[in-house]
Amino acid sequence: MNDVNEAALLHNYLLVGMVLFVIGMTGFLIRRNLIVMFLCVEMMLQGISLSLAAWGRYHNDWGGQMMILFIIAVASCEAAIALTLVLVVSRRTGNLDVAVWQDLREEGELPFVDRELPEETTERPQSPVLPPAGRQPDVDEDELMHRSHV
Amino acid sequence: MNGAPASWCFVLMGQQQAAAELLADSGRSGGANLATSPLLGAAVTGIAALILLLPRATRASRRVGAVMGTLSLLLLFGGVMVPLAGMSSQIVFWALAAVTIVSAVAAVATPSPIYTAIWFALSLLGTAGLLLYQGAQFLSVATVAVYAGAIVVTFLFVLMLAQPEGHEVYDRVSWGWYTKPMSAVVAALLVALLSFSLPAMPGPAARMGDRADQVLHPDHMARFGDTLFGKHLLSIEIAGALLLVALVGAIAIMIQAGHLRAERAEGQSDE
Amino acid sequence: MNDTIVILMILVPALPLAAAILAAVLGPRILRSRAHWPVVAAFAASFLCSLSLLVHAWRQPPGYERVESLWVWADIEGAYAQRHSPGGADQADSAGVMRHFTLDVTLRIDTLTGVMLATVTFISLLVAIYSVGYMRGDPGYWRFFAYIGLFVFSMTMLVSVSNFLLLFVFWEAVGVCSYLLIGFWYRKPAAAAAGTKAFLVNRIGDFGFMLGVFLIWTTYGTLNYHDTAAGWPSVSARAGTERPVFVDLGRAAAGEPGEVVGVLSVKRESVGGWRGGGVGLAICLLLLLGACGKSAQFPLHVWLPDAMEGPTPVSALIHAATMVTAGVYMIARCAPLFVASPDGLLVVAGVGTFTALLAASIALTQFDLKRVLAYSTISQLGYMFLGLGTGTLAGMSAGMFHLFTHAFFKALLFLGAGSVMHAMGNVIDMRRFGGLRRRLPHTYRTFLVGCLALAGIIPLSGFWSKDSVLFSVHARAHEMQVHWARRQAAEERVSSGTAGSLPAAGHAARGEVEAGSGMSDGELARAARLYAWMYYGALLTAFLTAFYAFRALFLTFFGDERLPGEAADHGHESPGVMVWPLAILAFFAACVGLAFDQSWLNGTHPFAEVLADTPSLSGAVARTETLGSFHFSVAVISTICAVAGALLASCFYLGDRRAAAWFQAVMDFRVLKSADDGARIARVGQQPWIQAIDRAARRVGLPWLTRLAGDLLIFTMLVITAPLLLIRFVSPYRLSFGKFFLDETYSLLVVRPLRGLAWLLDAVDRWLVDGLVDLVGQLPSRLGALLRTMQTGLVPFYAMAMILGGLIMLLTMNQQFSEQVMLYLHRLLGGMTP
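Chains as they are written, first to last, in our numbering: chain U, 0 to 149; chain B, 512 to 782; chain W, 1257 to 2090.
These are calculated hints, taken from the structure and not from any lab test.
There may be inaccurate statements among the hints.
Reference excerpt, derived from the structure (chain W facing chain B, CB under 7 angstroms, subset only) [claimed, not checked]:
1. L2050
2. V2051
3. P2052
4. L2063
5. N2070
6. Q2072
7. F2073
Which bits of chain U does chain B cover? Going by a derived footprint, with three or more residues having C-beta under 8 angstroms, they are [said to hold, decoys possible]:
8. 17–25
9. 34–44
10. 67–77
Dumping the calculated SDA-like pairs for lysine to any residue here, alpha-carbon to alpha-carbon at most 20 angstroms [to be verified]:
11. B/K742 x U/H58
12. W/K1444 x W/E1428
13. B/K742 x U/I71
14. B/K742 x U/G107
15. B/K742 x U/I70
16. B/K742 x B/A752
17. B/K742 x U/G62
18. B/K742 x B/Q725
19. W/K1444 x W/I1460
For glycine and all other residues, C-beta sits at the position ideal for the given N, C-alpha and C.
Build the full structure now, drawing on both the sequences and the hints.
Shown next as structure tokens:
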């Protein structure tokens, strides 16, 4: 019975870990924002961690958890370096788009260019704020520069 | 333990036997197994969900995608996963898993990168819970502290530095027309692959002994530290050195980048 | 004694070959203008050796042949399995036995070979001496002598080998030498084209020859002329023992067991003879095709006139005396094969006669002296074929005798023409010079002797040899008629029931059994008729020959002396080195007939008797016709024809030549030219009596009558003259002058389609084959271009590629999954059982 439960536990955890992994993989492949891509990598690592933990418990081996610890350590290093590089790279182009970097492309091939994207159709509803009559509304420069809604 | 899980397991093992019979005997209608299994349904709905949920060029309704995703999850949990010993453990596990998976999907699906980071943090909490459920207490705490606490925060810092406006044009689209379907299909295939391989895995190694003596020992931290600094001493030392190197490297890169930028600025101002 | 013979046999071809190599190697730098030394010396030595060989063979009993094997070319055990015993009882053991195939390089000596060798080497020697003077100053001097040496080697080997395959090898070799020598001045496009044409036309004949050799192989099982021991083991097995030399001394007994009887050996008669019927005829016709190619008979004669582009000594040596006689030699050598097929003989004779007539009629109008002589050569070769085609010993030896004498006087004529060319600055168009009698006295005298010999005026050699041919044809026709008549009489007697004594022999030939044997009544009658026609054709050709020979003589040497511009300062007689060969040849042309044909004197024919000792001619052929009978009537008729031709030529071309011009106009239908001349017709209308009629009609009031009459007349004349005008294009003169448009016909029928085919194949090669190759070559680059699109530079793309690869690996390596998928697919695709 216990063994069956262990087997069932392992089965489920492996599935969850795999689902997490593939979601991270999907995100890595789809998204163009560098930071989001890195987050998806971390997500994949989390999925792996779950699998490792499950195997460790199943086989009654500490090695699974050790591995997870090392994964955490390495992920941290990786995050540090990667984010530094991302910053440097983004300073060059001004944005975090990965599709800008196509210099490894073969000679003579056409680069990938975004086609014209329509603006987002529905505006975020913003309830208008009416100033009292006779007074100019306050215009917040910072607000204009940096939208608060993300 | 009640008999329902046992019957499930027998069904599971019966499936295995049936599969073995199928493979030996070629004349039978073996395809029905795959065609009507919940795995296929989960895979199909999962693919649809991913495609519909992932960011689109125009702001479109996510409702259908959400429904499909829910359906997929239900099929996955109900049909593919194996029930656990007790109902309570079953529910806890399902809740944690649901949190993890749903927040992961949301992290990937939302256009804004900041929301992504936050959803990811939530997913990490779910993962921590799952780890805790497994009995890896230290690691669950470490996940929350290091991952959610340090790494995700760092990500947020960088986001703010590099893209304070929030989500940009390129956050809404992908880099090709085939990327979304293909990734979704690949994801489903991988999950299906795993699901196929699972029934045939070997039993636990008996020589490893009782779990209560090892991984599920009450003195978890002591045992953990014991193994870590005993059997894996070299690795931990190296990991520490690696952290130092990474730190130094990051700083060095920034300094170098700063110099280069200064030079380029000078060069431009000279012209 | 034996060894001497072998050494002589080897020296005869080897010396010219060595000389050719010496001239080629040392000629350009060291010998230069002395490059003729080795060659002339070799030819002289070769001639002496040939003479001694001929004398040796002559002294032996009839049927003598000496065959010497130089080395083994091929020796294969178990080379082939015989299906059935070929041509006789000598291979009566079981079929399917694996047989031994050996091929030796063999040389032979018998009287036929001896005669040919002596002729070839003698003429070559004289021509070589002549060329010393003719080719002086030519930048390719050493090359000329090297080629000549090579040619004489090939020719002597051709007549010396004892094997059909080797014959073919040297057949081709002389063709190659001919090509090299015709195109000697290769920078002249006409010469290069003529060389190619000669080689290609020869090649067509060689194709037939090759097929004939194949057929001989399958029919007789061997390619040797002579007998060999069957299954002679390989040389290694019999090391140290001597190979037996078969010296055949006449009609020996039946073949011993284990012996392979040669195709042309005397013993073959006793082991089944030669195949007749369809196969025999096929062999004869195919060999004849080869002979036509080499000896320039219709329809493969077109190369010889163009071959005059080569230097004149080449024309004299190769295209008059030696190479073109290879075909005649071959037929004489294969006499038994031809005699076994009477239809084949008829074809040979027919081809010969037709060619003789055709070439003679073309030669009548040519203005290029060398071309006249070229057509004359073709015509005389036709005579030789006619003689060979009778199938009797008299005919065959007559053909060879004509070959022998023709070599002398034709070489003489050509060298004389060369002398004229040399004096006239390489101009040979007879319209541009004339009256050279006093300027070139020696040339004139020797040329006159040659013309007399060619025309066949008694007592020069041409008369004797031509008359031998005519005798033999006449006798053959007559004999066949007599035999047919006798058969009719015998049948009548049988049908009327009276058996009786044999009727009196009319023309009792020794070989009456052979004359019409194997032929049905109808065939016999037809053959007799045909031979009679050929006889008349030969007589007509004799007339034409005399005519054009003397025409050439008169045009060149008589009349007002004219020199072309190119003559400049060397319009004088040739140097001694050129004149002496002319003189020697003239002497022989005059005397050799009298010396070798004494049938008028004492009934003997030394030449024919010498030839009759050859194995080929000493068997069945020898029993056919009495030698040496002199037919007075034929001699008289032929002399009348020749003299008439000469007189006609002198009428036309001596003096003011108005008669020649008139005759040419007649032959050209020139009167028709004025038929459509409108002015002429109009002038007719101005005759006084027509005018009178016109006036009378107008007075009466019917002016339109005369006009109508006039119009009708004009219309009728135009209608009538329209086809006549067309006929002008094929007037006899035009046909003769245009060589019967054979070259143009070949060009239209053969050359143009081949060019079209070549263009098509070139297009196929360029577009299809090269296209395919290019396609294959482009595959990597296209594939690369395709793969290059994978290098997008986008990081997620690379990631996706990695993941896809890993996924495929996982899927295929995961056994359960792939098996499930396969089962599912099977079910999906209609339950196909795996």
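Results for each hint:
Of the supplied interface hints, the one on W/L2050 holds, with its beta-carbon coming within about 6 angstroms of a beta-carbon of chain B, less than 7 angstroms. The beta carbon of W/V2051 is not positioned within 7 angstroms of any beta carbon in chain B (closest approach about 9 angstroms), and the interface hint is therefore violated. The closest approach between the C-beta of W/P2052 and any C-beta of chain B is roughly 6 angstroms, which is under the 7 angstroms cut-off, so the hint is satisfied. Taken as an interface hint, W/L2063 checks out: its beta carbon lies about 6 angstroms from the nearest beta carbon of chain B, inside 7 angstroms.
For the restraint placing W/N2070 at the interface with chain B, the shortest Cβ-Cβ distance is roughly 6 angstroms, inside the 7 angstroms limit, so the hint holds. Annotation: W/Q2072 was flagged as interfacial toward chain B, and the flag holds, the nearest CB pair being 5 angstroms apart, inside 7 angstroms. Interface hint at W/F2073: satisfied, since its Cβ lies 5 angstroms from the closest Cβ of chain B, which is below the 7 angstroms cut-off. Under the rule that three or more residues need a Cβ within less than 8 angstroms of chain B, the assignment of the region 17–25 of chain U holds, with 9 such residues.
Only when three residues or more bring their CB closer than 8 angstroms to a CB of chain B does the claim for the region 34–44 of chain U stand; here the count is 7, and the claim holds. Under the rule that three or more residues need a Cβ within less than 8 angstroms of chain B, the assignment of the region 67–77 of chain U holds, with 10 such residues. Of the supplied pair hints, the one linking B/K742 and U/H58 holds, its CA atoms being roughly 17 angstroms apart against a limit of 20 angstroms. Only pairs whose Cα atoms come within 20 angstroms are accepted, and W/K1444 paired with W/E1428 is rejected, the gap being roughly 24 angstroms.
Annotation: proposed proximity of B/K742 to U/I71 holds, straight-line Cα distance about 18 angstroms (limit 20 angstroms). The hinted pair formed by B/K742 and U/G107 fails the criterion: a straight-line CA distance of about 55 angstroms is larger than 20 angstroms. Taken as a hint, the B/K742 and U/I70 pair is honoured in the structure, with Cα atoms around 17 angstroms apart against an allowance of 20 angstroms. Of the supplied pair hints, the one linking B/K742 and B/A752 holds, its CA atoms being roughly 18 angstroms apart against a limit of 20 angstroms.
Proposed proximity of B/K742 and U/G62 is supported: the alpha carbons are some 9 angstroms apart, at most 20 angstroms. At roughly 14 angstroms between alpha-carbon atoms, B/K742 and B/Q725 fall within 20 angstroms of each other, so this suggested pair holds. Distance check on the hinted pair: W/K1444 and W/I1460 sit about 25 angstroms apart at the alpha-carbon level, beyond 20 angstroms; violated.
The structure fails hints 2, 12, 14, 19 (numbered hints given earlier, in ascending order).
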